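Participant: Working from the sequences, and respecting the hints, build out all of it.
2 protein chains.
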Amino acid sequence: MNHLRDNTSFVLCGDIAFSESKNKIVTYRKGYLVCVDGICKGAFNELPEEYRSLPLYDYGTRLIIPGMTDLHVHAPQYTFRGIGMDCELLDWLKNYAFQEEFKYYDMQYASKAYSFFTYDLKRCFSTRAVIFATLHTEATIELMTQLEKTGLITYVGKVNMDRNSDNLQEADASASLKATRQWLESIDGKFKNTKPILTPRFIPSCSNDLMRGIGQLSKETGLRIQSHLSENPSEVEWVKELVPESTCYANAYEIFDTMGTPDCPTIMAHCVYSDEREMKILKNHGAYIAHCADSNMNLISGIAPIKKFLDAGINIGLGTDVAAGSSMNMLKTILITHQASKMYYRLVDNNVKPLTFEEIFYLATAGGGRYFGKVGTFKPGYDFDAVIMDDSIMHTMRDISVRERIERMCYNDADDIINEKFVKGKKVYSSIKA
Amino acid sequence: MNHLRDNTSFVLCGDIAFSESKNKIVTYRKGYLVCVDGICKGAFNELPEEYRSLPLYDYGTRLIIPGMTDLHVHAPQYTFRGIGMDCELLDWLKNYAFQEEFKYYDMQYASKAYSFFTYDLKRCFSTRAVIFATLHTEATIELMTQLEKTGLITYVGKVNMDRNSDNLQEADASASLKATRQWLESIDGKFKNTKPILTPRFIPSCSNDLMRGIGQLSKETGLRIQSHLSENPSEVEWVKELVPESTCYANAYEIFDTMGTPDCPTIMAHCVYSDEREMKILKNHGAYIAHCADSNMNLISGIAPIKKFLDAGINIGLGTDVAAGSSMNMLKTILITHQASKMYYRLVDNNVKPLTFEEIFYLATAGGGRYFGKVGTFKPGYDFDAVIMDDSIMHTMRDISVRERIERMCYNDADDIINEKFVKGKKVYSSIKA
Numbered sequence: 001m002n003h004l005r006d007n008t009s010f011v012l013c014g015d016i017a018f019s020e021s022k023n024k025i026v027t028y029r030k031g032y033l034v035c036v037d038g039i040c041k042g043a044f045n046e047l048p049e050e051y052r053s054l055p056l057y058d059y060g061t062r063l064i065i066p067g068m069t070d071l072h073v074h075a076p077q078y079t080f081r082g083i084g085m086d087c088e089l090l091d092w093l094k095n096y097a098f099q100e101e102f103k104y105y106d107m108q109y110a111s112k113a114y115s116f117f118t119y120d121l122k123r124c125f126s127t128r129a130v131i132f133a134t135l136h137t138e139a140t141i142e143l144m145t146q147l148e149k150t151g152l153i154t155y156v157g158k159v160n161m162d163r164n165s166d167n168l169q170e171a172d173a174s175a176s177l178k179a180t181r182q183w184l185e186s187i188d189g190k191f192k193n194t195k196p197i198l199t200p201r202f203i204p205s206c207s208n209d210l211m212r213g214i215g216q217l218s219k220e221t222g223l224r225i226q227s228h229l230s231e232n233p234s235e236v237e238w239v240k241e242l243v244p245e246s247t248c249y250a251n252a253y254e255i256f257d258t259m260g261t262p263d264c265p266t267i268m269a270h271c272v273y274s275d276e277r278e279m280k281i282l283k284n285h286g287a288y289i290a291h292c293a294d295s296n297m298n299l300i301s302g303i304a305p306i307k308k309f310l311d312a313g314i315n316i317g318l319g320t321d322v323a324a325g326s327s328m329n330m331l332k333t334i335l336i337t338h339q340a341s342k343m344y345y346r347l348v349d350n351n352v353k354p355l356t357f358e359e360i361f362y363l364a365t366a367g368g369g370r371y372f373g374k375v376g377t378f379k380p381g382y383d384f385d386a387v388i389m390d391d392s393i394m395h396t397m398r399d400i401s402v403r404e405r406i407e408r409m410c411y412n413d414a415d416d417i418i419n420e421k422f423v424k425g426k427k428v429y430s431s432i433k434a
Numbered sequence: 001m002n003h004l005r006d007n008t009s010f011v012l013c014g015d016i017a018f019s020e021s022k023n024k025i026v027t028y029r030k031g032y033l034v035c036v037d038g039i040c041k042g043a044f045n046e047l048p049e050e051y052r053s054l055p056l057y058d059y060g061t062r063l064i065i066p067g068m069t070d071l072h073v074h075a076p077q078y079t080f081r082g083i084g085m086d087c088e089l090l091d092w093l094k095n096y097a098f099q100e101e102f103k104y105y106d107m108q109y110a111s112k113a114y115s116f117f118t119y120d121l122k123r124c125f126s127t128r129a130v131i132f133a134t135l136h137t138e139a140t141i142e143l144m145t146q147l148e149k150t151g152l153i154t155y156v157g158k159v160n161m162d163r164n165s166d167n168l169q170e171a172d173a174s175a176s177l178k179a180t181r182q183w184l185e186s187i188d189g190k191f192k193n194t195k196p197i198l199t200p201r202f203i204p205s206c207s208n209d210l211m212r213g214i215g216q217l218s219k220e221t222g223l224r225i226q227s228h229l230s231e232n233p234s235e236v237e238w239v240k241e242l243v244p245e246s247t248c249y250a251n252a253y254e255i256f257d258t259m260g261t262p263d264c265p266t267i268m269a270h271c272v273y274s275d276e277r278e279m280k281i282l283k284n285h286g287a288y289i290a291h292c293a294d295s296n297m298n299l300i301s302g303i304a305p306i307k308k309f310l311d312a313g314i315n316i317g318l319g320t321d322v323a324a325g326s327s328m329n330m331l332k333t334i335l336i337t338h339q340a341s342k343m344y345y346r347l348v349d350n351n352v353k354p355l356t357f358e359e360i361f362y363l364a365t366a367g368g369g370r371y372f373g374k375v376g377t378f379k380p381g382y383d384f385d386a387v388i389m390d391d392s393i394m395h396t397m398r399d400i401s402v403r404e405r406i407e408r409m410c411y412n413d414a415d416d417i418i419n420e421k422f423v424k425g426k427k428v429y430s431s432i433k434a
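As they're listed, the protein sequences go chains A and B.
In terms of our numbering, the first sequence opens at residue 1 and continues consecutively.
In terms of our numbering, the second sequence opens at residue 1 and continues consecutively.
For the record, the hints were derived by calculation from the structure and aren't laboratory data.
This one's a predicted model, so the numbers in the text were calculated from it and none came from an experiment.
Glycine included, C-beta positions come from ideal geometry on N, C-alpha and C.
A few of these clues could be false.
To be verified - Cβ-to-Cβ under 7 Å is the rule here; a few derived chain B residues that face chain A: (1) G82; (2) D86; (3) C87; (4) T118; (5) G302; (6) S326; (7) K342; (8) L347; (9) T356; (10) H395; (11) T396; (12) S401; (13) E404; (14) Y411.
Claimed, not checked - Taking lysine-lysine and the DSBU-like style, the derived pairs with C-alpha atoms no more than 35 Å apart in a straight line are: (15) B:K379 / B:K240; (16) A:K433 / B:K433; (17) B:K190 / B:K149; (18) A:K433 / A:K280; (19) A:K30 / B:K122; (20) B:K353 / B:K24; (21) A:K22 / B:K122; (22) B:K374 / B:K308; (23) B:K24 / B:K283; (24) B:K122 / A:K433; (25) B:K307 / B:K280; (26) B:K353 / A:K94; (27) A:K178 / A:K192; (28) A:K122 / A:K24; (29) A:K30 / A:K122; (30) B:K112 / A:K30; (31) A:K308 / B:K94; (32) B:K433 / A:K112; (33) A:K24 / B:K94; (34) B:K94 / A:K307; (35) B:K112 / A:K433; (36) A:K94 / B:K30; (37) A:K433 / B:K427; (38) A:K353 / B:K307; (39) B:K103 / B:K24; (40) A:K192 / A:K240.
Facilitator: Following this line, the structure appears as structure tokens:
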């Protein structure tokens, strides 16, 4: 029995839920979930004969769902989350984000602050995350070193920025690109689960030369890119001035060859103001939208028409966008995503129906998970990323279904219900006392 | 020293915050908060001589804030919170709320279900609440009995409904009014902290005769009234058909003499679609708006222009509106109220500025507290309602101010930070191990 060799082959028993498609959550009451060598072999009502020799862990009536993917989060902003929530984007960046990120030149500061971030990331619903660091090479390597120890699988970007950012910027494009290459050399071969991603902050922070350089570096290295797109009306206006030859914000990225390809997809956070033209660009390039509803409401940005993007077949995942989002709790992100989409329907365009709970659960798990490959659901062949939760503290009078418990869990969004987390079949966290 | 006689006279020391006005939160780092006979004597940087003989309890760097008021919550809906969140109001009432409330004819069921509600209400940020029960007299008395034991101060309404509500309705107006009188007689003199409030559900559920009867009963007994107003577009349309002689929904209540007076104010939940005409009616009657942003987004109702109401001098408090709101956690209500008000500004009317955090904190404490008298702040003469919280689990790298900690606490909205709760100087809850 080859698959008995290591501890990433086993069977979990419990109340299981996952997205079969964007419109369907399938559930198993006291079902069996099989993991062989870190890969999911499927969920079953009866355990198939061939897996009966595997060790079986019975979680009773606990819930077992796929690990979630946080497609957009700023690690250095974590320790000031929930502060400064009366500002719009550009003021907030200037008065809060940039001032905080500046401090990461100091390695003692960075190391301690990042330890708070990684500690809590390990204990939240996400098993995967795509992360902005700061422009500081050394601090970014420290973050990656800490993340590697968590067992989570992440992308981390040293940020590029060489203009319009007060004292938080590199001297010029060539200095920024040089630092990026040094960063990539320093980490080459060093991490298994923590991957680099090119991270030009956004057009206002990056000169044309820098943007072009990042585009070239991506082509040369095969590294992916993440950035921000069409978040706030003032920002969109500013980009029009900065790149007057562009037909739209997304086209500005296109001009600099940073919109990626389906094989090397770029993540664009927000897309609140992306119109049909931008949708076409996003789709043609196979880009991922990181939808950050919490952040978009907090910074008074607006609401992205995600239902429209989803129906158009654009890749989408959810991001907490800490610290413009106030928490890394993806259940809260789900709840707020639902509310935002309902308000888009009610207040902006009643031709765009609200996202269903099914669709949002899909985006939080399989939608964002796809960025990492076969991740985010329990279909056979997918990486075995799972979160086990005890929701028994939420008393009810009914025999509620597993599907209803999943919805209730998201709408109550408490993260202290998490018991255990698995990434690729490896248990990375447990709060259960032995 | 008269005020040493009982245990409702003492001094608390800690990091204190409360609303001085709707635009200002005042804070004290390691300040002193004085309670004499259950009444607040003020907050001080140095403890005045006259209070130095009182017992002093030092909470170190814990936060001390006024207890909050939940101005609108449905107790019987609590055990299905977070379920059915893809519906609009009228469907949700039919498919979820009414079906659940129907079960409260069964006292065994009611008693158990209400025990879950009261247990959690005692442990949340609210020290006061205005509550809908069901139409069942006996179950409503059971709820009041349980609430009285919590030490919280509440209003509870046996619901009136005699039409359009499937099997959840009373035979007719006179049966409903008779049951209401019986309920009032049964509880007469029975409770100290748990007061009755007349509760016609809303116009669609109450015949004209019933509405008029409630109006008369209020005049006769001096009892206050609570109901729902202008929540959802379909509901507003329906009321127009049901009371064709009314000029608006609020006027329909006026016609039946149920809009109250400044001395006997009615609470109207929602007011999402209240225009200038309704604002005038609300203001003239001294009515309170229970703003329920969480519920209004969940049921796709819309967003109430609270900033406009506030500037017009209308009385306003916040409501969780469980189970259309998914939680009794008022911090979550604050966070969502802020987001809702930002989206109203961004998406509906950019002449209506977003509520500030200061204003929302005020609404959650002093705004709703006013309904109960001098409640919801730590100014001298106010009832001593306080919540003590330990937010030290939220690590930060800065020496953040008390004001910033209050905002961060609301934006993180975890309720497990609550340590102790006082109502009128009486400690009603403590999670601190002796």
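Participant: Between K103 (chain B) and K24 (chain B), is the straight-line Cα distance small enough, at 35 Å or below?
Facilitator: Not OK: K103 (chain B) and K24 (chain B) at ~45 Å, beyond 35 Å, violated.
Participant: Would you check the hint for K353 (chain B) and K94 (chain A), treating anything up to 35 Å between C-alpha atoms as holding?
Facilitator: The given pair, whose Cα atoms are some 21 Å apart, holds under the 35 Å limit.
Participant: Is the hinted pair K112 (chain B) and K30 (chain A) satisfied, with a Cα-Cα distance of at most 35 Å?
Facilitator: 27 Å, holds
Participant: At a threshold of 7 Å, is the proposed contact between T356 (chain B) and chain A supported by beta-carbon distances?
Facilitator: Constraint on T356 (chain B) satisfied, holds at 6 Å.
Participant: Hint check: K433 (chain B) vs K112 (chain A), CA-CA at most 35 Å. Holds or violated?
Facilitator: Holds. K433 (chain B) to K112 (chain A) sits at ~30 Å (cutoff 35 Å).
Participant: Going straight from one Cα to the other, do K24 (chain A) and K94 (chain B) come out at no more than 35 Å?
Facilitator: 24 Å, holds
Participant: K94 (chain A) and K30 (chain B) were given as a pair; does the straight-line alpha-carbon distance stay at or below 35 Å?
Facilitator: 31 Å, holds
Participant: Regarding the pair K30 (chain A) and K122 (chain B), is the alpha-carbon distance no greater than 35 Å?
Facilitator: Holds, at roughly 34 Å.
Participant: Holds or violated: are the alpha carbons of K308 (chain A) and K94 (chain B) at most 35 Å from each other?
Facilitator: 30 Å, holds
Participant: Does the closest beta carbon of chain A sit nearer than 7 Å to the beta carbon of G302 (chain B)?
Facilitator: 5 Å, holds
Participant: Is it true that the CA of K307 (chain B) sits at most 35 Å from the CA of K280 (chain B)?
Facilitator: Holds - the C-alpha atoms of K280 (chain B) and K307 (chain B) are around 15 Å apart, at most 35 Å.
Participant: Are L347 (chain B) and chain A close enough, Cβ to Cβ, to be under 7 Å, as the hint says?
Facilitator: With a minimum Cβ separation of about 5 Å from chain A (threshold 7 Å), the hint on L347 (chain B) holds.
Of the numbered hints stated above, those contradicted by the structure are hints 3, 4, 12, 15, 18, 21, 39 and 40, listed in ascending order.
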